[in-house]
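**Student:** Here is what each chain is made of, one letter per residue.
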Amino acid sequence: MPVKVSLTVNGKPVTADVEPRTLLVDFIRAQLRLTGTHVGCDTAQCGACTIHMNGAAVKCCNMLVMQAQGANLVTIEGIAAADGKLHPMQEAFREHHGLQCGFCTPGMVMSAIDLAKRHANLNEATIRAELDGNICRCTGYHNIVKAVQAGAQAMRS
Amino acid sequence: MYPFDYQRAASVADAAALLSRNPDAKLLAGGQTLVGAMKLRLAAPPQLVDLGAIADLRGIKADGGSLSIGAMTTHAEVAVSKEVKQLIPALASLASTIGDRMVRNMGTIGGSVANSDPAADYPAGVLGLGATVNTNKRRLAADQFFKGMYETALEPGEIIVSVSFPVPKRAGYAKFKNPASRYAIVGVFVCEGQGGVRVAVTGAGPSAFRVPEMEKALASNFSPDAVAGIKVSSSALNSDIHASSEYRAHLVTVMAKRAVQAALTAG
Amino acid sequence: MGDMNLIGSAVKRREDYRFLTGAGTYTDDVQIDRQSYAYFVRSPHAHATIKRIGKDKALKAPGVLAVFTGEDLAAGKVAGLPCGWLITGVDGQPMKEPAHPPLAQGKVRHVGDQVAVVIAETYLQAKDAAELLEVDYDVLPAVVDVADARKKGAPALHEIAPDNTCYIWALGDKSAVDKAFASAQHVTRLDFVNNRLVPNAVEPRAALASYNRADDSYTLYVASQNPHVERLLMTAFVLGLPEHKVRVIAPDVGGGFGSKIYLYAEDVVVTWASKQINRPVKWTAERSESFLTDAHGRDHLTHAELALDKDGKFLAMRVQTTASMGAYLSTFASCIPTILYATLLAGQYTTPLIYCEVTAVFTNTTPVDAYRGAGRPEATYVVERLVETAAREMKLDPAEIRRRNFIREFPYQTPVALLYDTGNYEATLGAAMNLADVAGFAARRRQAAERGKLRGLGYAAYIEACGIAPSNVAGSLGARAGLFEAGEVRVHPTGKVTVFTGSHSHGQGHETTFAQVVASRLGIPIDDVDIVHGDTGRILFGMGTYGSRSLAVGGTAILKAVDKVIAKGKKIAAHLMEAAETDVEFADGVFKVAGTDKQVPFAQVALTAYVPHNYPLDKLEPGLNENAFYDPTNFTFPAGTYVCEVEVDPDTGSVDIVSFTAVDDFGKIINPMIVAGQVHGGLTQGIGQALLENCRYDKASGQLLTGSLLDYCMPRADNVPSFKLDTKETPCTHNPLGVKGCGEAGAIGAPAAVMNAITDALGVRDLEMPATPERVWRALEQAKTQKAA
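Chains U, Y and D are the protein sequences, given in the same order.
For the record, in the first sequence the residue sitting at position 84 is 84 according to my numbering, with numbers rising by one throughout.
For the record, in the second sequence the residue sitting at position 252 is 252 according to my numbering, with numbers rising by one throughout.
For the record, in the third sequence the residue sitting at position 761 is 761 according to my numbering, with numbers rising by one throughout.
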């Protein structure tokens, strides 16, 4: 039986009737057509589906849309400024070549923004340890680590 | 995922009532294990009772020598909590090693404890600190709580409300992670408290267990050296593609030493 | 004015904005009106005969549109998936090529083998209905280990290969090699397992096919590294469709690493089914399906020997390898452990005699094919582990033994068929030793020991062969495809340029690098150049991206087309300036008459070509649009030296890579930022193979034990260090860009460097990959026991 869910996505209120078994990521991708949030695995390892829920990074492939009832969600589409100007973390990824195929990138950026907000001082070891919920097969992480460090600094200034 | 009926409980009593009407229903806490299992069609509850809206189940309270953590408190909240860091830093540290940052933002202590995953971290902390699991019906001592692999003393319809931890003199947790899943291959929690020394192990056996021989040795000499020579028997330990029982037995000793060191360092 | 210094410049990537804002379009992001969803029913058994398939219940399930099995495909005259490389065995016979039906016919041969497809209105409906499909199996015994495949009594997968042998192939002069071994001063022998790997591009494979009745045409969106090859194989070999009626689009593709080269059953089935049900059909793999069906990599068992004289000079090498093909021959499976493996066994050395024998076997496992490096990591592992071990046995410095054997004169003909055009191995070794501070290693090792850690250092001096070519030579070796690349340069009337390339970017950054090449040659701003790839409907032809070939082959094809544009432009300019064509020079975006101040800019020439009023119409066609095909005359030979330093925690056996230095010679470099990124990624995959990744099957049941990311360990940020990189440059001699390719080097060199470092730290002779903590701990325990005894 369908159930009603109401939430806010990238500042816009959304209400829908959904099958209870709908995953939040499927709701975001298929129903809202926000396809920047990706699905890379089925066991909550890869982190390609990372979004922000009420200000905290979560893996939206590993939760039901019903768990986001009333929540304020931000996806990768809601990160850049309205005029298209990149967020400092996005800019840092571009500047430091922190992406290649781009598939893990939205989740990586969402995770990195969350990380930067949670730590006042980010050193390489902390970044590497705290990125363990995001898998990238292309970059070898080297440039992602540099990008996160620079992006975090830019977010503070 | 198979279809199921979804109910959002407004209170613990409401959740209990729902469970009593549908005994096959499952409680949904953070869902980090349950939703994953349902996605892979390994679990197929006909009904989910979501505890997410029950405010009473969230929060951390310190009162007179004990710390009470609401069942729906997330790992992330425990990891950064001022109270936890001050009173039982080892528990905050344990919570900070669970899964990854995103999982910690959703996963809850109640869900983890109720699931009794053989490789989960919390069971080591709950058992190691001699905590009490408070349910809507009774108070269960940690020693009576973990019964086996995914098995606890919880009865049908019983809901964990909070977990109370006695504040120890010192405690430490050391974890050897499964490099793929980041669960514990072996995690050892060591605590010196009012009830003496407790050593609890997760990841190595079917469920969390204590190591009396190490506890005895540490009671007379709380130092890494005291446990260095103590080996647990590998015969009842888990063996899988990630680690043999023999290697796990070895790691119990190594992690016990490190947990003691961590307890000493934390002061 | 144009960008003058584009070559060698770290231009920021033009594709990044869309990826960073979630605006990339991957196959699963594409949605077509009325699209339906496919779910594949797969074999739960490693080996079984199918007695019966009952569709009725599944067909009646809500939302179900169709259920198809192998029988339906056979009735529809759908053929099996082809193999693109014919290997001829030592017996002169062609390899055994068993049928590879897109949906099983009568038998399944690995867990995950496709049995049927259920198509429904929604994905969940298809998946729910799939559980209602009744498949009765007779389970057969299975064989999954390479070592067991040819044992007496091993279950046979295919009737045409009763001993599970696909081919036995050899390269080199066996009797001369045997003779050299007989008189050698020293022989180093090692046995290797090259562990099976799962590619795990983070984007799962996906395919979305639609059929248009109005003109009997198909459009297939697919996560592919080479859409033209996909179309060619699908139309000509499997579906028997006219090629011009099928458009294959590989939009943004989330990583490939080889695994998206091949024509897969799912691509064929959804394309065929889209006509049967007259609806678009989409399939996107779940990660568990990726594990079961993306072609795996490596899986070799090797015995190798190196013969040396008393000074450590290599006299001969003898290698015997058994390689798994998996249950069927994937698209290029057969050439990986032969053409791309045995030919690399000379490495960077003058070893005069090499003999390699390769036995390819079928096992009840997922097919094996090219995965980043493809044969070359396996070869490098053999050579570099042998060399390092020989040095230790002979008490020679591992750098010194390499120096004594380096090839120093080029071109160099190896005893295993390749002709190296250029290189400077001393330069990369020397630079790597400096950058890695090898001189300070002894002190670092002492300091580590004081902290209770075992520190070790290992080298790998790798060589690779990229851009397989030329086509006629490849053809004589069994290739069933051409190995050229195509490019088109379309100059618009305003002088802006759209470039169409048959190469495909799935992370490599072609939209940037190729634009740098074109803008630099034309002397126009890079923003005036766009690169289009991945669509058979827009691009004339292409062989795609694999084997680090894109820039060397695809880039050269584009450059040739650019040069044709310039040549035609000179004719137009000559007319405009009333000069002789031979007097017109082109530089920095301007056509000039030599020795005068007469000039016309590129854009004016372009406009003239499209508004041909003042134009030599009697001699020259209007328009400025050229294409070119480029078929290289030889492989390119990137090479380099890697130095890995590890610390081992003897209590747990954990290995920490504390330093990793890579000095590569990729020839000319167009974009150093992108090149460094490729190296980082390759190194991490190589480190993954050495430390973490291992695809394992249960010997008894044939079940995949590492079927998810919970059990198959992917490298994460905390498993690798920041890398120290440098490059040396000996330009490739046979392509105009002087480039060699950089995509696979890291994955080729890293495993040997890591394992050489670990064995050094532990003081053991050998250790199997991946060096998991338990394996390392056991090796230490064993060493202790041996010492005590």
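Quick caveat, the hints were computed from the structure, so don't treat them as lab data.
Please note that a few of the clues may not be correct.
With a Cα cut of at most 30 Å, we get these calculated DSSO-like pairs of lysine-lysine [said to hold, decoys possible]: (1) U:K146 x Y:K177; (2) Y:K231 x D:K787; (3) D:K60 x Y:K39; (4) U:K117 x Y:K231; (5) Y:K177 x D:K453; (6) U:K146 x D:K60; (7) D:K310 x U:K85; (8) Y:K82 x U:K117; (9) D:K453 x U:K117; (10) D:K560 x Y:K39; (11) U:K4 x Y:K82; (12) D:K55 x U:K146; (13) Y:K26 x D:K127; (14) Y:K231 x D:K453; (15) U:K85 x D:K453; (16) Y:K231 x U:K4.
**Student:** Are the hints correct? Go through all of them and say.
**Tutor:** Each hint, compared with the structure:
1. U:K146 x Y:K177: 25 Å, holds
2. Y:K231 x D:K787: 22 Å, holds
3. D:K60 x Y:K39: 24 Å, holds
4. U:K117 x Y:K231: 43 Å, violated
5. Y:K177 x D:K453: Holds, at roughly 19 Å.
6. U:K146 x D:K60: 55 Å, violated
7. D:K310 x U:K85: Given that 30 Å is the threshold and the Cα spacing comes to 66 Å, the pair is violated.
8. Y:K82 x U:K117: Given pair K82 of chain Y, K117 of chain U holds - Cα atoms ~18 Å apart, limit 30 Å.
9. D:K453 x U:K117: 35 Å, violated
10. D:K560 x Y:K39: It is violated: about 52 Å lies between the C-alpha atoms, which goes past 30 Å.
11. U:K4 x Y:K82: Violated: K4 of chain U and K82 of chain Y sit about 37 Å apart, past 30 Å.
12. D:K55 x U:K146: Distance ~54 Å between K55 of chain D and K146 of chain U Cα, so the pair is violated.
13. Y:K26 x D:K127: 23 Å, holds
14. Y:K231 x D:K453: 22 Å, holds
15. U:K85 x D:K453: 48 Å, violated
16. Y:K231 x U:K4: 56 Å, violated
When the structure is compared with the earlier hints, violations turn up for hints 4, 6, 7, 9, 10, 11, 12, 15 and 16 and for no others.
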